[in-house]
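2 protein chains.
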Amino acid sequence: MSDTGRIPPRELEAELVAALREDQFSRAPADLAKYATDQGPVTDYREPAAVVWAETVEDVQAVVRLAARHGVPVVARGAGTGVSGGAHATEGCLVLSLERMDNILELNPDDEIARVEPGVVNAELNAAAAVHGLMYAPDPASYQVSTIGGNIATNAGGLRCAKYGVTRDAVLALDVVLADGSLIHTGHRTFKGVAGYDLTSLFVGSEGTLGIVVGATVRLKYLPTDIRTLAVFFADVQSAAAGVLALGKARLQPCILELLDGPSLKELDARNGSNLAGRGTALLLAQFDSLAAAREAEIATAALEGQGGKVSQEDPEEAARLVDLRRRNRGLDVDSEITVGEDVAVPRSALIHYITALEEMAARHGVGVRIIAHAGDGNLHPTFWVPVPDRAGVAAMNAALDESIDKALELGGTITGEHGIGQYKLRWLALEQSEQVLQLQRNLKALFDPRGTLNPGKGIPAARRLD
Amino acid sequence: MSDTGRIPPRELEAELVAALREDQFSRAPADLAKYATDQGPVTDYREPAAVVWAETVEDVQAVVRLAARHGVPVVARGAGTGVSGGAHATEGCLVLSLERMDNILELNPDDEIARVEPGVVNAELNAAAAVHGLMYAPDPASYQVSTIGGNIATNAGGLRCAKYGVTRDAVLALDVVLADGSLIHTGHRTFKGVAGYDLTSLFVGSEGTLGIVVGATVRLKYLPTDIRTLAVFFADVQSAAAGVLALGKARLQPCILELLDGPSLKELDARNGSNLAGRGTALLLAQFDSLAAAREAEIATAALEGQGGKVSQEDPEEAARLVDLRRRNRGLDVDSEITVGEDVAVPRSALIHYITALEEMAARHGVGVRIIAHAGDGNLHPTFWVPVPDRAGVAAMNAALDESIDKALELGGTITGEHGIGQYKLRWLALEQSEQVLQLQRNLKALFDPRGTLNPGKGIPAARRLD
Numbered sequence: 171m172s173d174t175g176r177i178p179p180r181e182l183e184a185e186l187v188a189a190l191r192e193d194q195f196s197r198a199p200a201d202l203a204k205y206a207t208d209q210g211p212v213t214d215y216r217e218p219a220a221v222v223w224a225e226t227v228e229d230v231q232a233v234v235r236l237a238a239r240h241g242v243p244v245v246a247r248g249a250g251t252g253v254s255g256g257a258h259a260t261e262g263c264l265v266l267s268l269e270r271m272d273n274i275l276e277l278n279p280d281d282e283i284a285r286v287e288p289g290v291v292n293a294e295l296n297a298a299a300a301v302h303g304l305m306y307a308p309d310p311a312s313y314q315v316s317t318i319g320g321n322i323a324t325n326a327g328g329l330r331c332a333k334y335g336v337t338r339d340a341v342l343a344l345d346v347v348l349a350d351g352s353l354i355h356t357g358h359r360t361f362k363g364v365a366g367y368d369l370t371s372l373f374v375g376s377e378g379t380l381g382i383v384v385g386a387t388v389r390l391k392y393l394p395t396d397i398r399t400l401a402v403f404f405a406d407v408q409s410a411a412a413g414v415l416a417l418g419k420a421r422l423q424p425c426i427l428e429l430l431d432g433p434s435l436k437e438l439d440a441r442n443g444s445n446l447a448g449r450g451t452a453l454l455l456a457q458f459d460s461l462a463a464a465r466e467a468e469i470a471t472a473a474l475e476g477q478g479g480k481v482s483q484e485d486p487e488e489a490a491r492l493v494d495l496r497r498r499n500r501g502l503d504v505d506s507e508i509t510v511g512e513d514v515a516v517p518r519s520a521l522i523h524y525i526t527a528l529e530e531m532a533a534r535h536g537v538g539v540r541i542i543a544h545a546g547d548g549n550l551h552p553t554f555w556v557p558v559p560d561r562a563g564v565a566a567m568n569a570a571l572d573e574s575i576d577k578a579l580e581l582g583g584t585i586t587g588e589h590g591i592g593q594y595k596l597r598w599l600a601l602e603q604s605e606q607v608l609q610l611q612r613n614l615k616a617l618f619d620p621r622g623t624l625n626p627g628k629g630i631p632a633a634r635r636l637d
Numbered sequence: 171m172s173d174t175g176r177i178p179p180r181e182l183e184a185e186l187v188a189a190l191r192e193d194q195f196s197r198a199p200a201d202l203a204k205y206a207t208d209q210g211p212v213t214d215y216r217e218p219a220a221v222v223w224a225e226t227v228e229d230v231q232a233v234v235r236l237a238a239r240h241g242v243p244v245v246a247r248g249a250g251t252g253v254s255g256g257a258h259a260t261e262g263c264l265v266l267s268l269e270r271m272d273n274i275l276e277l278n279p280d281d282e283i284a285r286v287e288p289g290v291v292n293a294e295l296n297a298a299a300a301v302h303g304l305m306y307a308p309d310p311a312s313y314q315v316s317t318i319g320g321n322i323a324t325n326a327g328g329l330r331c332a333k334y335g336v337t338r339d340a341v342l343a344l345d346v347v348l349a350d351g352s353l354i355h356t357g358h359r360t361f362k363g364v365a366g367y368d369l370t371s372l373f374v375g376s377e378g379t380l381g382i383v384v385g386a387t388v389r390l391k392y393l394p395t396d397i398r399t400l401a402v403f404f405a406d407v408q409s410a411a412a413g414v415l416a417l418g419k420a421r422l423q424p425c426i427l428e429l430l431d432g433p434s435l436k437e438l439d440a441r442n443g444s445n446l447a448g449r450g451t452a453l454l455l456a457q458f459d460s461l462a463a464a465r466e467a468e469i470a471t472a473a474l475e476g477q478g479g480k481v482s483q484e485d486p487e488e489a490a491r492l493v494d495l496r497r498r499n500r501g502l503d504v505d506s507e508i509t510v511g512e513d514v515a516v517p518r519s520a521l522i523h524y525i526t527a528l529e530e531m532a533a534r535h536g537v538g539v540r541i542i543a544h545a546g547d548g549n550l551h552p553t554f555w556v557p558v559p560d561r562a563g564v565a566a567m568n569a570a571l572d573e574s575i576d577k578a579l580e581l582g583g584t585i586t587g588e589h590g591i592g593q594y595k596l597r598w599l600a601l602e603q604s605e606q607v608l609q610l611q612r613n614l615k616a617l618f619d620p621r622g623t624l625n626p627g628k629g630i631p632a633a634r635r636l637d
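Chains as they are written, first to last, in the numbering used here: chain L, 171 to 637; chain U, 171 to 637.
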């Protein structure tokens with residue numbers, strides 16, 4: 171990435187301003203600061219040279235072409251709600267915001283698809299789909315502000331993934347601007363299609379490093395008409411995790427299955443004035459949304475009571491409030507040097523063991539931990555924090571973090587269930603993937619982006635020289 | 171592909187026999203003929219130089235390494251039930267059969283996954299999973315004989331995809347032998363995982379052209395406990411297609427939704443002694459398998475009667491018989507010069523229009539057509555045939571075939587919903603994908619297989635020289 175660290179030449183600025191309107195370009199310090207980071211931990215703060223707001227596909231092509239010609243990196247972003255630093259600026263880059271490309275181009279209820287620009291907010295697509303009894307299923311906690319383009323760049327997960335799958339499962343086709351500014355179309359408008367290599371899946375989750383998604387055709391699902399929500403409190407978090415396996419054994423597929431440990435309940439109570447911790451030490455929030463939701467809730471109640479759970483079926487308002495509380499678990503917090511939310515996934519049978527190990531390692535390192543999990547997917551978000559914010563505390567937290575990653579891998583897990591590698595998780599990727607697999611990905615990166623201008627330094631460890 | 175067309179040197183044979191056991195290698199004419207083709211149309215019959223049966227990952231690695239050293243193409247195959255010629259031999263190639271690698275390495279009911287060798291037969295995995303109340307959902311019509319490795323190579327679909335997704339959606343991780351004989355592992359054992367580029371999806375459906383799948387971790391789903399099946403007869407096939415949209419509007423998700431037109435019903439009757447054609451002109455076979463299956467069948471009945479359907483709920487035995495009849499629609503037929511089964515997909519709203527167009531174009535060209543469809547996915551299998559098998563008839567059929575492809579694309583469809591490009595559909599790929607997208611795939615092929623020894627001439631149009 172020899173081009174990073176270079177201030178874009180004045181000619182580039184002049185060319186950009188000529189190619190776009192004046193209000194699509196900024197070097198104002200406030201904008202540079204605002205667009206310097208996403209919500210991931212910042213380990214190496216850099217400001218962009220400029221921020222550019224694309225409004226059309228042609229804008230994106232023009233920006234990418236100009237940047238390529240001048241050897242300036244381009245960091246594309248949607249709402250900047252990513253939490254792995256995938257949209258952090260690199261020195262001297264252009265941040266290319268897609269948030270103004272926010273049109274739903276088509277919503278076809280018979281075909282059960284939508285075509286959207288990348289800046290469409292997840293919740294807005296859902297609102298438009300709901301009119302037709304449809305929904306866009308992937309629902310990252312940030313869904314009220316995050317964009318479909320950003321969701322695609324990170325292959326975002328969410329609560330409803332337990333039943334409906336992740337972003338990749340919802341994406342049928344993409345329009346992508348490549349590193350040379352050309353535009354390609356991948357995939358198909360149909361539900362099924364196997365013509366050629368699966369380029370669509372290759373771009374999904376590639377964090378803007380292989381190309382910039384400027385349009386997407388997504389599959390919609392049926393909006394449920396009957397929803398039953400169980401709040402199940404347990405005496406300890408291990409029993410709650412056992413409840414997850416019990417639901418599996420009962421062959422029930424909840425649409426939402428969230429686990430919250432005691433410290434998480436207390437944190438939510440403190441923030442929201444609720445009294446969850448008073449009801450139990452750990453909470454399993456299970457939602458069923460099929461036409462047989464009532465029957466599923468009945469079977470689930472028996473299964474969870476069998477694990478010692480105190481089950482209450484919540485009315486729709488309270489259920490919505492609980493799910494919303496869970497979604498806002500992160501609150502407005504941005505990860506910092508003294509608080510880091512993790513995102514590992516383990517095979518479901520390892521949940522109990524892993525949670526116990528997390529508690530043990532936090533205690534041993536003298537740092538705090540609270541755990542929430544998309545438990546149906548074995549996807550955990552432990553948040554580690556430093557009680558006393560000094561250098562020793564930060565070192566202890568990082569040691570606990572590293573250990574939590576090692577343990578997840580030891581149990582057959584992954585270092586990122588849904589947040590992506592971005593910048594922050596690069597340091598752990600080689601623990602999960604072999605050097606050969608890493609090199610294969612570097613080769614792919616070099617094939618798609620030979621000059622390394624698309625979001626350099628993200629997603630895969632730094633390029634080595636190709637043989 | 172300058173290496174094709176060359177007989178493998180005697181040294182290669184000697185080295186193969188030395189690396190494997192004697193009964194893992196054959197040049198017997200009967201074997202060469204048997205392994206020369208899959209079930210796709212044969213337009214250019216070629217025999218392999220030899221057939222090799224791998225029994226271990228190391229066998230595959232040894233064969234690929236030796237073939238690479240001698241510049242001999244390797245065509246990997248499972249049961250050879252593909253219908254696009256993806257496993258047809260190329261001149262002088264080694265056919266590498268994986269059918270002896272048929273061990274289920276692990277089946278973990280708590281994690282809801284299985285690890286399998288590529289030669290495991292789909293039905294055998296399902297039988298093993300059923301013991302635990304689980305199933306491997308993707309069910310190509312060939313599921314009783316086809317292998318998981320072959321299913322992965324073609325990203326096979328099937329009947330249950332309407333609800334459960336295609337092969338890609340079931341594959342979590344892969345072991346792949348690359349063109350240089352090295353072994354890599356992609357993906358994750360967990361349900362979710364976003365570390366690095368999605369190499370797993372890139373290999374799924376790549377027809378053995380990027381690497382050879384020698385192991386897979388797949389996700390299992392819950393075996394349904396209540397199944398309701400409706401046989402719905404309509405006065406014409408267009409009304410049956412309208413029924414598909416009516417079920418969508420009723421927001422019902424059947425696990426199977428198959429459409430059969432009048433000629434298909436007559437063909438089945440003639441083969442199986444059934445009397446389907448006596449019950450109506452077109453059949454919609456709808457199966458529901460959720461806990462609310464009875465209620466879903468009730469709602470579906472009302473919706474389909476609203477479209478003029480004559481609905482009968484079938485008892486489990488008759489339902490199983492009907493689904494089985496549908497699966498065996500192809501019978502033991504192999505596509506030939508005078509009968510070709512197609513595999514296009516269109517957006518669901520285009521189903522009625524497309525079916526009408528197919529009937530019209532067959533009549534105009536003076537050829538026969540019968541249509542079955544995985545209608546829930548908009549995935550149609552029209553079979554064209556020549557009433558009088560002469561040169562003019564074959565030309566007319568090919569003209570109708572070409573037109574059926576053009577029309578599907580015009581309606582926003584794809585040239586292959588689930589069968590793959592293989593060899594037979596290469597001639598149409600450039601109608602669907604731009605030259606730039608094709609070139610991108612050639613570049614990917616060159617990256618993974620620089621010498622072009624892995625299943626050359628399949629999946630993507632012939633390589634042009636890279637710039």
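Just so you know, these hints were derived from the structure itself, not from any lab.
Don't take every hint at face value.
For chains that are exact copies, the list does not tell them apart, and a pair is met inside one copy or across any two.
[Unchecked claim] In the DSS-like style, the derived pairs of lysine-lysine whose C-alpha atoms are separated by at most 27 Å in a straight line are: (1) K577 / K436; (2) K419 / K391; (3) K419 / K436; (4) K391 / K436; (5) K419 / K333; (6) K419 / K577.
Source: prediction; values computed, not measured.
Hint-by-hint comparison with the structure:
1. In this assembly of identical chains, the alpha carbons of K577 and K436 lie at most 27 Å apart only when taken from the same copy (26 Å versus 61 Å across copies).
2. Taking the shortest alpha-carbon separations for K419 and K391, both the intra-copy value of 26 Å and the inter-copy value of 12 Å come in at or below 27 Å.
3. For a Cα distance limit of 27 Å, the shortest separation of K419 from K436 qualifies neither inside one copy, at 30 Å, nor across copies, at 44 Å.
4. In this homomeric assembly, K391 and K436 never come within 27 Å of each other (Cα to Cα): the closest approach is 35 Å inside a single copy and 35 Å across copies.
5. In the homo-oligomer, the alpha carbons of K419 and K333 lie at most 27 Å apart both inside one protomer (16 Å) and across protomers (21 Å), since each shortest distance falls under that limit.
6. Taking CA atoms no more than 27 Å apart as the test, K419 paired with K577 passes inside one copy only; the shortest distance there is 25 Å, against 47 Å between copies.
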